[in-house]
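Participant: What follows is the residue order along each chain.
There are 2 protein chains.
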Amino acid sequence: MSETDATQAMERTPAAEISTMAAGTEVRVAGWVHRVRELGQVSFVVLRDRSGFVQIVYDGPSPVTPETVVSIQGRTASNEKAPGGMEVKANATEVLGPAAADAPISVAGDPDSIGIETLLDHRILSLRMPKVRGMFELQSEIVRLFADYLRGFDFTEVKTSKLIGSGTEGGTGLFEVDYFGERVFLAQSPQFYKQAMVASGLERVFEIGAAYRAEKHDTPRHLNEYVSLDVEMGFIDGIDDLMDLELGILSHIFDGIRDGSAASVLTEYGASVPDRETLSRTPRIDYEEAKNIASERTGKRLFDLNPEAERALCDWALAEHGIEAVFVTGFPRKKRPFYTWPEGRQTASFDLLFRGLEITTGGKRIHDYEMLVAELPKFGMKPEDLGDYLTIFRYGCPPHGGFAIGLERLTQKILGLENIKAASLFPRDRKRVRP
Amino acid sequence: MSETDATQAMERTPAAEISTMAAGTEVRVAGWVHRVRELGQVSFVVLRDRSGFVQIVYDGPSPVTPETVVSIQGRTASNEKAPGGMEVKANATEVLGPAAADAPISVAGDPDSIGIETLLDHRILSLRMPKVRGMFELQSEIVRLFADYLRGFDFTEVKTSKLIGSGTEGGTGLFEVDYFGERVFLAQSPQFYKQAMVASGLERVFEIGAAYRAEKHDTPRHLNEYVSLDVEMGFIDGIDDLMDLELGILSHIFDGIRDGSAASVLTEYGASVPDRETLSRTPRIDYEEAKNIASERTGKRLFDLNPEAERALCDWALAEHGIEAVFVTGFPRKKRPFYTWPEGRQTASFDLLFRGLEITTGGKRIHDYEMLVAELPKFGMKPEDLGDYLTIFRYGCPPHGGFAIGLERLTQKILGLENIKAASLFPRDRKRVRP
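So the sequence lines, in the order shown, correspond to chains G and F. With numbering that gives the first Met the number 0 applied, the first sequence corresponds to residues 0 to 434, in that order. With numbering that gives the first Met the number 0 applied, the second sequence corresponds to residues 0 to 434, in that order.
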């Protein structure tokens, strides 16, 4: 058997497990060369895999260079200077994937010292940086916990089409697709489909899917393609049911992150998440009251909840309730889509602001056909504009409502990221459709 | 307190739980009026909710009509002719959502007696048919079980962009999107992104997301938008690792369906799924051997694995191995994408055929930069065509491979559906972009 065959034949040990093994154990590790340090007589190589790092020792110069993927067979040895007090003395090394030496950024470097656009231009490499990669291990956990919580309350996961025949929420802000010569659009949200699924008898549904906004702004809080965590629930009494549900979801996510495999990601970012009791203190305040509070705290007369107001309101909630989150309810009719349940000049709707940013928009919907048709002219719309949508309400629809949480915004606020683009694997903005 | 307030105030009992309660219990149920039967002195109403059905009894004529959403307060009573032996004698009924009487299809009817195009034209209503709705409760379970299994083996869930700057797998078959005046495309698969994520150090990733094919065929096995269950895994030895993984996933899905909440859906469709032991007998045969078997069984000289051949091969596998599934391996170089690992004139690739249909395509990928660049001219491609893709391999990439399972195809084959469109909530085909 050749040396190559020998290294392949042995079971691979994750890097993070080496420190738990007895000295003198024969092992095989495999991963990426993270760092190389040559000391003449001896070289130290830090090997990186999905579990963590392990130090490899070579007699003489290192046979490997950064980012090369290698399989190394060797023997564990105690070394109090090695991570975890254990290293591996290499005796056979096989290159599985060579690496060129001209990498435009160093994977072993600190992502915080590199500008966001450079990190994104070289996304294939910057995603290898353990701190960057960790963000997406966290997101994988958020998605799992979101679904897990809702399934526990008998919600069904749905997957609806992102190609829609008409832009029912208004033609602006929609990306146009050439569909066999016909003009169709990328969905801004699964709004109508999730309502249809409530009315289908599933009653409680959620969807984890892409949402598209063809808006030209280039801000640290907007993406043109994002992951929307959508919820819709039938037989509700009002929006308190929805806000209660959202707090339940967020508590489950925060607890799961703090106590689970993603806890180390929080540590790396110096971040923390509110506990269940703190989150339950999130105040629910009316839109007019919110404007007054924000005006008072900013010293400006605010006519709208702009980003400055959102930050002021979270500061207020922290000072008054000990939680950097606040539900704003009762948005004016003209600030919400036509399908929102009206309450005089206001609506049964809410936003959740968290750490200075709106991460959720939600509300009760109009489930009565006649009422919906009567509202349309106020929005300059006709029943014909709505295609199949009205069918949902024409044939028996329960009272219902829902909300959507932006995955990248939630990630941004959990980790304290300056720019939301950092929280998307392959972000799309006004100027960027690559990599 | 008004009668309305009284019915709302009481906790709602799911329809399916009524049969487990003692006679004479005061209850509130809510849902859709499924059927109304008037017998003069008395009327029977079948109420439908997400849990099932319950029979409601009214003195005199029914105050409700089909598909109306109602909240009914009453008292349980034994009746051996009622489903589960228990019914509810109504004493207060509130209409939550009225229903027009002109529904184009009857929700209480049999979907199998209605053509697929009619069912899809009236999708908002046909999704209310319990047998149709059940299909999507099953899909929700498939998605859960797929993710659950992979997370158990340390796979990370990723969400990658569906807007791609260039059509690397060839410009045909791609939908074009107007991205702020620039021409971009909807991704056919997350192929390059999932490879990038393996090379990022996540090593093992999966994605549940939309995939788009702008192909004009209109067949019972194609959709223009479908849900792709994608898997990619680093540090594999060869495609047997991938086929083993897929059998593990499918066993977990089949066991979870058979023994879980979706078991009743199988019953309703008269369907069954293979058990773990049977599935493990799935043969793995070479492409040339597969052609020979299919030619022999069809009595035709086949030069390709067309749909007829796929059916013949599954018949053969059932006859020879007792399982209607077969892995076909070693597809010719020219039948696989440029990134497939070559083995002479063949490739390290496979399809999984299940009950006569290809439900998976997979393979080992080329992870060596020089080798990939050398292969490109054979496919009429240049390195410049590949944009950022080559970066994945230029800076150290482990041996890896993966596959994708079409969610709708898997559903179709589990339930024995004639047309794949039935297995998509809001299917998109050559002519259909609504509802």
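The reader is advised that the hints may include incorrect statements.
Just so you know, same-sequence chains aren't split out, so a pair can sit in one copy or run between any two.
Below 16 angstroms or equal to it, Euclidean Cα-Cα: the simulated EDC-like pairs (lysine to aspartate or glutamate) are [what the hints assert, rightly or not]: (1) LYS430 to GLU181; (2) LYS430 to GLU93; (3) LYS88 to ASP177; (4) LYS290 to ASP240; (5) LYS334 to ASP285; (6) LYS381 to ASP153; (7) LYS430 to ASP177; (8) LYS215 to GLU181; (9) LYS215 to ASP177; (10) LYS88 to ASP111.
Please keep in mind that the hints were generated in silico from the structure rather than gathered at the bench.
Participant: Would you pick out the hints that fail for this structure and give their numbers low to high?
Facilitator: 2, 3, 4, 6 and 10
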